[in-house]
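S.K.: So the sequence lines, in the order shown, correspond to chains A and B.
Under numbering that gives the first Met the number 0, read the first sequence as residues 0 to 289, first letter to last.
Under numbering that gives the first Met the number 0, read the second sequence as residues 0 to 289, first letter to last.
Hints in this document: simulated from the structure, not taken from any laboratory.
Virtual Cβ for every residue (Gly too), placed ideally from N, Cα, C.
Any given hint could turn out to be false.
Derived contacts from chain A toward chain B, CB cut-off under 7 Å, selection only [claimed, not checked]:
1. Gly163
2. Ala171
3. Leu207
4. Leu261
2 protein chains.
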Amino acid sequence: MSTLNGQTIGFIGLGLMGRHMARNLKAAGADLIIHNRSQGIIGELVAEGMTAAATPVDVAASADTVILMLPDTPAVETVLRGMLGGLRPGTLVIDMGTTKVTATRGFAADVEVAGGVYIDAPVSGGTIGAEGGTLTIMAGGADAAIKRAQPIFDVLGQKTTHVGPVGTGQVAKAANQVIVGLNIGAVAEALVLAKKAGADPARVRAALGGGFADSRILEVHGQRMIDGAFAPGGKCTTQRKDMDQALELAGELGFEMPATALSRDLYDTLIEAGHGDLDHSALIKAIDPD
Amino acid sequence: MSTLNGQTIGFIGLGLMGRHMARNLKAAGADLIIHNRSQGIIGELVAEGMTAAATPVDVAASADTVILMLPDTPAVETVLRGMLGGLRPGTLVIDMGTTKVTATRGFAADVEVAGGVYIDAPVSGGTIGAEGGTLTIMAGGADAAIKRAQPIFDVLGQKTTHVGPVGTGQVAKAANQVIVGLNIGAVAEALVLAKKAGADPARVRAALGGGFADSRILEVHGQRMIDGAFAPGGKCTTQRKDMDQALELAGELGFEMPATALSRDLYDTLIEAGHGDLDHSALIKAIDPD
Chain A
0 MSTLNGQTIG FIGLGLMGRH MARNLKAAGA DLIIHNRSQG IIGELVAEGM
50 TAAATPVDVA ASADTVILML PDTPAVETVL RGMLGGLRPG TLVIDMGTTK
100 VTATRGFAAD VEVAGGVYID APVSGGTIGA EGGTLTIMAG GADAAIKRAQ
150 PIFDVLGQKT THVGPVGTGQ VAKAANQVIV GLNIGAVAEA LVLAKKAGAD
200 PARVRAALGG GFADSRILEV HGQRMIDGAF APGGKCTTQR KDMDQALELA
250 GELGFEMPAT ALSRDLYDTL IEAGHGDLDH SALIKAIDPD
Chain B
0 MSTLNGQTIG FIGLGLMGRH MARNLKAAGA DLIIHNRSQG IIGELVAEGM
50 TAAATPVDVA ASADTVILML PDTPAVETVL RGMLGGLRPG TLVIDMGTTK
100 VTATRGFAAD VEVAGGVYID APVSGGTIGA EGGTLTIMAG GADAAIKRAQ
150 PIFDVLGQKT THVGPVGTGQ VAKAANQVIV GLNIGAVAEA LVLAKKAGAD
200 PARVRAALGG GFADSRILEV HGQRMIDGAF APGGKCTTQR KDMDQALELA
250 GELGFEMPAT ALSRDLYDTL IEAGHGDLDH SALIKAIDPD
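Please model the complete structure; the sequences and the hints are all you need to start from.
M.R.: Written as structure tokens, this is what we have:
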């Protein structure tokens, strides 16, 4: 792959996923200008041939495209505030983290006022997808902007859907997280019922495969529940944050999501019990503490 | 197919699924002795070469195997009560409906005392699966009994899992229905969120395909929600009955299923609003009545 030859890409946020994404972009031929709050990873990536920038504004000063892969909405806000003054006309800013929808629309407006172009393109697929370049990308933005970003998305993911205008990528990600969290709860209640009613949960899971109860969650997270293997994957704290964001959005829009609210409360209970760093499939402990 | 040549199979309960299952057994070479509460379908099936029996005990008098495909637990109890006196030693009774777990264990004991053998083998796959012989079968019973029934299961379904002893087939079916109902609720909340937040739900569904939010429910019932196409499929009233049975079982076992209880309440609301005969994917109306 050398489809990004000659492009200079800024990358801010080099956590467990971001570092792999930056490496894949470099392997595809791009020059990488990187910035991260904690410095440990920076040295490693500079040794691999990337260029470190001291501040977000320094990233913006030399990159055609700046990718943000940050942990939460306040982090995106801080970085953008630092960067906007130095943004060159036409710079493409792509937020690939999971950021609040309403805030995203505000960020996009700020970037446009500063002369840039904004895309929200959150992903699913975790560190495995980031490393393998097999992420699922949900993109919101103008047609021309998405077209411009497509070679980058093709390197990072195996599937990109242009959902609609700015913000709709984050809407799709919120919908994704609602389904993931609630289906984990569904599989948890079903497997606890199976066990307590005298059936082998592993056989029940096998029996359900291929039918209407089948899902990626039954397959992957159901197996984690059966094995009691709760190394994350996606943490309970992250799942709760995503449920909170979905509920906050529903509140702004004036409607209720009762199952999502219940699930958030179950995650609260789990986190209060000290399980916040376990995989989100550990929700089964809220149904069956034994 | 003529794998059932020489077998005489009794079939009680010739509703939308049962009639197709009986036809598939006949096509595979079995002689069918049939009984049904309402008589309309009987004439049709007799014209196709099946033999009508006036009562369940008449079915039991001449069949090696008796299959029950009845709408609920009281119907199974009534039929078994009528049949037990005339059961011949070694008759195999297979309940393929969705029946309560604790009652199932009692029915199996009664049949064994009467000299028969009992299997619970509920199915998923609906009328399409019944007609095509592609049901998913979840079987509970002794090894020898399941082995004896296997040629019948091979005609009716594309996959049979022997979950465990008597009752565990019904446990697996309860788990199946819990996941189906709760995942319908998950997809409903997610798609309403998408719509109200300004994204096209069809694009969001497409964006989520292949990721962790993907499932048969997102695929099939998600599309029904997007189309507003609520011809059943599985009715809301049936889904509520199945959720009630799962909750009753959890109550007997002394634990709580909070998400299942919430979903049952949402189905209650929907049924009270007059939507009981719609497909269970109509749950989305409880989240977004517009």
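S.K.: Would you list, in rising numerical order, the hints stated earlier that this structure does not obey?
M.R.: none
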